[in-house]
Amino acid sequence: MISLTINGAQRDLDVDPQMPLLWALRDSLNMTGTKFGCGIAQCGACTVHIDGEPQRSCQTQVGDVAGRAITTIEGVQGKVAEAVRTAWRNLDVVQCGYCQSGQIMSAIGLLTQTPKPTDNNIHDAMDGNVCRCATYQRIRAAIHEASNNLG
Amino acid sequence: MYANQIYNKRAPAALPPVSPSRRDLLKVSAAGALVLGVLPRAFAEEAPGGGKALGQTAGNQPNPTAFVRIGSDNTVTVIIKHLDKGQGVTTGLPTIVAEELDADWAQMRAEFSPANVQLYNNTLLGPIQGTGGSTSVANSWLQLRKAGAAARAMLVAAAVDAWKVPAEEISVEKGVMKHKSGKSGTFGEFAEAAARQPVPPEVKLKDPKDFKLIGTKIHRIDSNIKTDGSAIYSLDVRRPGAAVAVVMRPPRFGGKVKSVDAAAAKAVKGVVDVVTIPQGVAVLAESTWPAIKGREALKVDWDDSAAEMRSSADMAADYKRLASNPGAPAAKAGDVDAALKSSGKKLEADFFFPYLAHAPMEPLNCTIEMGADGGIDIYAGSQFQTVEQGTVAAILGTTPDKVRIHSTWAGGSFGRRATPNADYIAEAASILKATGGKRPIHLVWTREDDIKGGRYRPMFYHAIEAALDPSGGIAAWKHRIVGQSFARGTPFEEVMFKNGVDVMAVEGVADLPYSVPNRYAEWHDAPSPVTTLWWRSVGHTHTAHAVEVMIDELAHAAGQDPVAFRIPLLKDHPRHVAVLKLAAEKGGWGEKMPAAKGRGIAVHESFHTFVAMVADVTVDGGKVKVDRIVAAVDCGIAVNPDMI
Chain B
1 MISLTINGAQ
11 RDLDVDPQMP
21 LLWALRDSLN
31 MTGTKFGCGI
41 AQCGACTVHI
51 DGEPQRSCQT
61 QVGDVAGRAI
71 TTIEGVQGKV
81 AEAVRTAWRN
91 LDVVQCGYCQ
101 SGQIMSAIGL
111 LTQTPKPTDN
121 NIHDAMDGNV
131 CRCATYQRIR
141 AAIHEASNNL
151 G
Chain D
1001 MYANQIYNKR
1011 APAALPPVSP
1021 SRRDLLKVSA
1031 AGALVLGVLP
1041 RAFAEEAPGG
1051 GKALGQTAGN
1061 QPNPTAFVRI
1071 GSDNTVTVII
1081 KHLDKGQGVT
1091 TGLPTIVAEE
1101 LDADWAQMRA
1111 EFSPANVQLY
1121 NNTLLGPIQG
1131 TGGSTSVANS
1141 WLQLRKAGAA
1151 ARAMLVAAAV
1161 DAWKVPAEEI
1171 SVEKGVMKHK
1181 SGKSGTFGEF
1191 AEAAARQPVP
1201 PEVKLKDPKD
1211 FKLIGTKIHR
1221 IDSNIKTDGS
1231 AIYSLDVRRP
1241 GAAVAVVMRP
1251 PRFGGKVKSV
1261 DAAAAKAVKG
1271 VVDVVTIPQG
1281 VAVLAESTWP
1291 AIKGREALKV
1301 DWDDSAAEMR
1311 SSADMAADYK
1321 RLASNPGAPA
1331 AKAGDVDAAL
1341 KSSGKKLEAD
1351 FFFPYLAHAP
1361 MEPLNCTIEM
1371 GADGGIDIYA
1381 GSQFQTVEQG
1391 TVAAILGTTP
1401 DKVRIHSTWA
1411 GGSFGRRATP
1421 NADYIAEAAS
1431 ILKATGGKRP
1441 IHLVWTREDD
1451 IKGGRYRPMF
1461 YHAIEAALDP
1471 SGGIAAWKHR
1481 IVGQSFARGT
1491 PFEEVMFKNG
1501 VDVMAVEGVA
1511 DLPYSVPNRY
1521 AEWHDAPSPV
1531 TTLWWRSVGH
1541 THTAHAVEVM
1551 IDELAHAAGQ
1561 DPVAFRIPLL
1571 KDHPRHVAVL
1581 KLAAEKGGWG
1591 EKMPAAKGRG
1601 IAVHESFHTF
1611 VAMVADVTVD
1621 GGKVKVDRIV
1631 AAVDCGIAVN
1641 PDMI
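Chains as they are written, first to last, in this note's numbering: chain B, 1 to 151; chain D, 1001 to 1644.
Everything labelled a hint here was simulated from the structure, so no lab data went into it.
Ideal Cβ positions, reconstructed from N, Cα and C, are used throughout, including at glycine.
All the given hints hold, so there is nothing to weed out.
Short, incomplete list of chain B residues facing chain D, as computed with Cβ under 8 Å: (1) 20; (2) 73; (3) 94; (4) 95.
If you want the footprint, here are the derived chain B segments under chain D, 3+ residues with CB under 8 Å: (5) 34-40; (6) 97-109; (7) 130-140.
Generate coordinates for the entire structure from the input sequences, incorporating the hints supplied.
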């Protein structure tokens, strides 16, 4: 039995400790907001926060994150999260939307660390999040807007 | 907010499917909402015709359709017959209804329709329920305007009955009906009474100058649920008792299973079964991770006797050889060979276009199960519902009407989900059949399956010879195209082939907009077991590039400015010229560029939309970086300009 702390709640799972956190979230816990895109940390769709840091859940084994604070798109909250979501909605960033959970988790991570990011900071922080609809320009604009609104 | 149409077990219950019969449409639904039935017999007859992408129109069969549901909670739900894979039809189509209905945008909802070609035919592609060819707004335009106007008329008629005032004295604005006497009422208050009104045989549509919503920026209806993780894509569907299946497919296209050793796969904890299907070998497990691990342990020997064994380089050499044979003529005017010999400066160019994977962000997947009533339920981002119903019915020995499709959000498509053989949904049906329908099957493709799994944009080879006219125009243009037809041997062949030519392989060349007196274009099929498919913009993905690069080369050879060179050659194509001029103006065409930076321009029409682009690029050590694109787009009426 592995005990995980997800969005502040303790969840006990009887799974292979090598199972990627992605599949534990999606299949064992039915938390499907975190997306499967590639399974090899090349697309960022599965991004969650572990102890506040954006991480690819497809390359994170559940056995390695017992007891650490895991936050998913369903549970992420606070001033930065609200500002990011609001900016995303204001600018109509989403298209198919499939990558956007990961984009938002990466953007929240960025703005938490770097409240006033430059375009280069955004590029570096968001480089691992692929959007097949190519919403990149709006993502960048939304991060700037969220940053401005956070004061 | 999006209507609660969720097939995940977190949801309390899925909404009942929209009932197909008119009688049912007019009664109070189980959910308490009222369904405004609209019987657009006349609407179907007046639907816009002349579809280009897939040829024929649906004809004039009287299709009773239902697109609008007004709830006593004052919501207006528009039933969406198309797949939303990001293009935004769940916002654009409700905008059209809301406009004629004079609804408040905040009360609008969207809900995916069931699969039913009688109700939800694509009037430009049909008879088929399907999404593609840039037809979603175009084929819905009159249908939904009339549905919205009819619903408005029925609401007003209900108010007339209640208030005993003439209809002309009732105004409707933002979902509220008002009379000068001070009486007013919301759509919700009159929903039930409106549903009892007769459907008007004729409705008056708005003068476009009175549009309030169409042509404005309206926020997407799906922004909230796509930013909090609650939007349900087919990969998020959870059906009770479902087994997850992954399939080992032949490593070479055209290969077949020779023998299977499933012992190690079955030993993986969580794996429940291994079955052979026509497409490969499926590993079934209690969840995704053990299914993937089980497949890693699976041993299969393959029969490659009918497989494609050539490399890309071998195939390219074959394509070049094919181009020297006589092909199937796709366009002919004047005497191109004589003109190439006798004219002025001559240019030759050839182009290779590689296979391209669509790679939608959401890996292909779907869930299929036997319903308690003997029907089949499919949960998928289905793009050609009618094809999928027919194919699955044939595999499972039932009739298409017994195959229900529950549409979900789709994480991209780019053409990949629109297949003539139902592709991955057919695979899932084959697994359901092979396992006796005991459990629902959730078929999941991994990203590797997606990239290696084919249905690519075909590889293409173009060879062009052209000659300048001494007076500054183009005297001759000879264009040979080699590439695989993905329509051949499919149900689409009949409409996709014209005079022995796959029209999708030559679109953008056969209908070259530039005026050239001596012209010839031909196509050569290049069959292969490699599976191919339309990729976003279909033939134009390669023809636009080849044609526009060649035009640019000719302009340079003629010593002319690329914009000035194009304009007289486009004399019969004013919409090309208009976007070309606009892009040139907005893109600063003619400005001097710094060293190592360049500016180029191109114009093309595909699917009735005209686009010109000015690209600023930096060349650095042989690498090209795109700095800026300025695009001018003429797509006709832009329902929501921010979402084009």
